[in-house]
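> What follows is the residue order along each chain.
Protein chains: 2
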Amino acid sequence: MKKGQRLFQELLVDLRKLYYLGSTLQILAWDQEVKMPKKGGKLRSETIECLSGILHEKFTTSSFGTRLRKIKKFSKQQLNDEQQAIVREVLHDYHKAKKEPKAFVELFAKTASQAQNTWREAKQKSDFPLFQPYLTKIVKLARKRANYLGYRTSPYEALLHLFEPALTLTEITALLEELKAFLIPFLKILQRSPVNPNPQRLFGNFPIEKQEKLNQYVAQRIGFDFEAGRLDISEHPFTSGLHPDDVRFTTRYDKEDVLHTLIPTIHEAGHGLYEQGLLAKNFGTPLGEALSIAMHEAQSRLWENIIGRSKIFWQFFYPRLQKIFPKPFRSIPLDDFYAALNTVKASLIRVAADEVTYNLHIILRFEIEKELMEGALAVSNLPRVWNERMKSYLGVRVPDNAHGVLQDIHWSFGSIGYFPSYALGNIYAAQLYHQAQKDLPNLENDFRRGHFERFLAWQRKHIHRHGRRYRSTELIQAVTGEKISAKYFIDYLRTKYSELYKL
Amino acid sequence: MKKGQRLFQELLVDLRKLYYLGSTLQILAWDQEVKMPKKGGKLRSETIECLSGILHEKFTTSSFGTRLRKIKKFSKQQLNDEQQAIVREVLHDYHKAKKEPKAFVELFAKTASQAQNTWREAKQKSDFPLFQPYLTKIVKLARKRANYLGYRTSPYEALLHLFEPALTLTEITALLEELKAFLIPFLKILQRSPVNPNPQRLFGNFPIEKQEKLNQYVAQRIGFDFEAGRLDISEHPFTSGLHPDDVRFTTRYDKEDVLHTLIPTIHEAGHGLYEQGLLAKNFGTPLGEALSIAMHEAQSRLWENIIGRSKIFWQFFYPRLQKIFPKPFRSIPLDDFYAALNTVKASLIRVAADEVTYNLHIILRFEIEKELMEGALAVSNLPRVWNERMKSYLGVRVPDNAHGVLQDIHWSFGSIGYFPSYALGNIYAAQLYHQAQKDLPNLENDFRRGHFERFLAWQRKHIHRHGRRYRSTELIQAVTGEKISAKYFIDYLRTKYSELYKL
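Protein sequence lines correspond, in order, to chains A and B. Quick note: to get the working numbering, add 13 to the position in the first sequence (first position is 1). Quick note: to get the working numbering, add 13 to the position in the second sequence (first position is 1).
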């Protein structure tokens, strides 16, 4: 065996151990949210800290770096394309991990943990000044983090790259600006429409046990393999992919609103399908990992919205829903149900927002994050700016900070730069789905009959199985023959909602 | 700070990391039995192997040993009693871990894993010759293990010490011989009694959801803290103590036999109470761990049998059981229920045996293990010897090996020397309970009213909270003022069953 190849094989052995540790950290986090008894929290956070420390230490030893650099030298001649991609991505992760000093990582984690606790209290009391000093610290540390990670123009870009490394701040700004320029006037047009669906009609009394069966059924039907995964309950839905053979997602049940559970379940199942679609043979390398958070959101939002809120999807599932819950659904025709499910209404809370207004919630956060990171906005002015923009973009008045700037958990745990992934996910999803429809003739007929196999196979072939082999930009270019563009998402929204609101 | 004290404090920091890893291995094993999806097994065993390797490596580095020996030098002058006990026990574990070469440990684990799979098949087909070559390998490896661990007279002693390090083979033999000398004639006397309870009367139709609530209720009532633990379902009941604040035990439900679930639940809850009674402040040291497997069994068997099968216990719980399951219990008076629950009947299967015959199942295994390890019995002769002794000790004829020598999983995974812990547990339990009754006047009145707090506090004070501070022999001497003796267990059985069988 040639030297480069031998070194590479040794790298794989070491790397695999790191991924076992990573997968163990995931099960510890999953258990914490889903099964852990109340008093177990202290042990759990200490255990996670300890294992994260071991993982970080093993990953950043200089001998690991030396070997990586040696392999890199042989890379072009002795390694195949996939192997080169593995080296490229591991080097990327290695440099990232080396850039942040251990003491800084620990300080950040500690501050975030305190900030999160305070945020909970502040949100409950709707008391921004209580949270303000913590957020100020978080912003300062995030800026420091950006300095460690490095950036060209704006510290915000360094953070954005944690969630989508393939796009520059300029590119993301352009995509979101285009979306915003469409959304604000479009929302006003929809609001003037005489069509006025009534989402309250979908409320009822839905026993949890029946809902559990329904959620399992829908997830299974769209392709989730329950022999290689689980669905459980947690306060906030999430998905945890330990390995393609062990993917766990969660939901939470609402006794009065079956859709309020089912739609998030489809979202998480979409994440789960991505994780199950990674190749087991690539476990232990970046090629066995999802491409980026934004691409993950593209998978979940495609299933949740483009499919899960489509009429063709419900042409299959609605009769089944009516059978399980005759009340209220027997008395609601499919068209009315579909309209109610897709009610557009400017509102205060991001997670409860419809497909159209959701993106304005994200754009608002994107702009604020950018200004905070660049020092153009002081934390103390945040509530005022938030409320002004909610009025200007969505036309709603924010009654208190709990329903405004304090609503999301993300900033409290230091996750600045995450929000744009949701809108990017929508953009990717629409562009990918547009291509899938071209590649798969009569795809809608499949869905109408409850068959999702052909589409899932398409996703697996073009997206899931590649892991981190390509960058998002490369992958979307290769699959669709075009650059990432907001056009398809805008077209999708315009067509769907023009019809629904009879524009 | 003096040097010995400083070194000791450094030891504690390092040690704590090892216990976090140990606790993580426990959650991985718990999840594997309780929650893991079907296809997750391959990843899980690889993950457990990887983490066990990291733990072993960290524990057996020579720098760890060097520090331990340095501390030992300062031990007497600079460390208090508890600290000295920690050093003593860590050194004990360290030497044990160092004695077995890594390659041997891996070979043993691999062989045991293959043997276990073959055992499952062999048991199903009742085919001993299929299992024979694997058991032969296991016995050979177990002997080799004993050689690594070291012993004075018999290789069996080295294995027994894994489960109860405080007793010699001679001492254990004497205890079990005394028990055997009582049990064989006593069983014959009971069998001649005209009293003939009917355990079948306790069968019925018990919905699982109701049973779940009942099991939770009973475990909680005897003192298990569900904010610091969970009860779940698994194929074989077990208890996993990650930390006193996170203790998880399992049971399996039998729709037709509510006691067949509840009694094992009480057994596991007994293990759980021990784990919850360890001191959180000692987590990360041997003082935060249970003393021995035998002492663990003493806790579980005390709750399961001495308390859980007593009349006073059911004076409180039986009316509640009757209320939850009127059929069949409303028509069965307490005395009849109590007699049926304590039916003595020589039978084939250890795990289904009553309190009296159970110990003969253990003694048979103890003798066979000893002979196997000392080379006095060849594996090929095992079925014949097994069946002869079943006839001689219990008077039953073994119809096939599935109901004979193949019934237990223990040997297949290399656990030779475990069985005696069950009988030692019974012996310890009776002696400890005898003392508790002396220390706590009118204890039985507590139980009759469903109050177990005073007894649990006694257990916590005298046993649980000490962890591995003392050896079992020292602890029992200190609590009861006597050496370990089979007398109390024999007296307990004689009194209880003489009354039940009207001798």
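Don't read these hints as lab results, they were simulated from the structure. On a predicted model such as this, the values are computed, not experimentally measured, just so you know. It is possible that part of the hints are untrue.
Cut-off 20 Å, straight-line C-alpha distance, at most; resulting in silico cross-link-like pairs (DMTMM-like, lysine to aspartate or glutamate) [to be verified]:
#1 55(B) - 59(A)
#2 48(B) - 466(A)
#3 48(A) - 248(B)
#4 51(A) - 248(B)
#5 71(A) - 248(B)
#6 48(B) - 59(A)
#7 324(A) - 106(A)
#8 294(B) - 62(A)
#9 157(A) - 140(A)
#10 52(A) - 27(B)
#11 48(B) - 46(A)
Here are a few chain A residues that face chain B, going by a calculated C-beta distance under 10 Å [stated by the list, open to error]:
#12 48
#13 161
#14 240
#15 256
#16 257
Heads up, the beta-carbon is just placed ideally off N, CA and C, and yes, glycines get one too.
> Evaluate each hint against the coordinates.
Against the structure, the hints come out as follows:
1. Annotation: proposed proximity of residue 55(B) to residue 59(A) is violated, straight-line Cα distance about 27 Å (limit 20 Å).
2. About 27 Å separates the Cα atoms of residue 48(B) and residue 466(A), which puts this hinted pair outside 20 Å; it is violated.
3. The suggested pairing of residue 48(A) with residue 248(B) holds, with an alpha-carbon distance near 19 Å, which does not exceed 20 Å.
4. Proposed proximity of residue 51(A) and residue 248(B) is contradicted: the alpha carbons are some 25 Å apart, above 20 Å.
5. In summary, the hint linking residue 71(A) to residue 248(B) is not supported, as the alpha carbons are separated by about 37 Å, beyond the 20 Å threshold.
6. Taken as a hint, the residue 48(B) and residue 59(A) pair is broken in the structure, with Cα atoms around 23 Å apart against an allowance of 20 Å.
7. Note on residue 324(A) and residue 106(A): the hinted pairing is violated, with a Cα-Cα distance of about 42 Å set against a maximum of 20 Å.
8. The suggested pairing of residue 294(B) with residue 62(A) holds, with an alpha-carbon distance near 19 Å, which does not exceed 20 Å.
9. Between residue 157(A) and residue 140(A) the CA atoms are separated by roughly 27 Å; this puts the pair beyond 20 Å, and the hint is violated.
10. Between residue 52(A) and residue 27(B) the CA atoms are separated by roughly 24 Å; this puts the pair beyond 20 Å, and the hint is violated.
11. A C-alpha spacing of about 14 Å is found between residue 48(B) and residue 46(A), which places the hinted pair at or below 20 Å, so the restraint holds.
12. At about 7 Å, the closest approach between the beta carbon of residue 48(A) and any beta carbon in chain B falls short of 10 Å, and the interface hint on this residue holds.
13. At a threshold of 10 Å, the smallest CB-CB gap from residue 161(A) to chain B is about 26 Å, leaving the interface hint violated.
14. Checking residue 240(A) against chain B: minimum C-beta separation of about 4 Å stays under 10 Å; hint holds.
15. With a cut of 10 Å, the hint placing residue 256(A) at the interface with chain B holds, because the nearest CB-to-CB distance is about 4 Å.
16. The interface hint given for residue 257(A) is met, as the beta carbon of that residue sits about 9 Å from the closest beta carbon of chain B, less than 10 Å.
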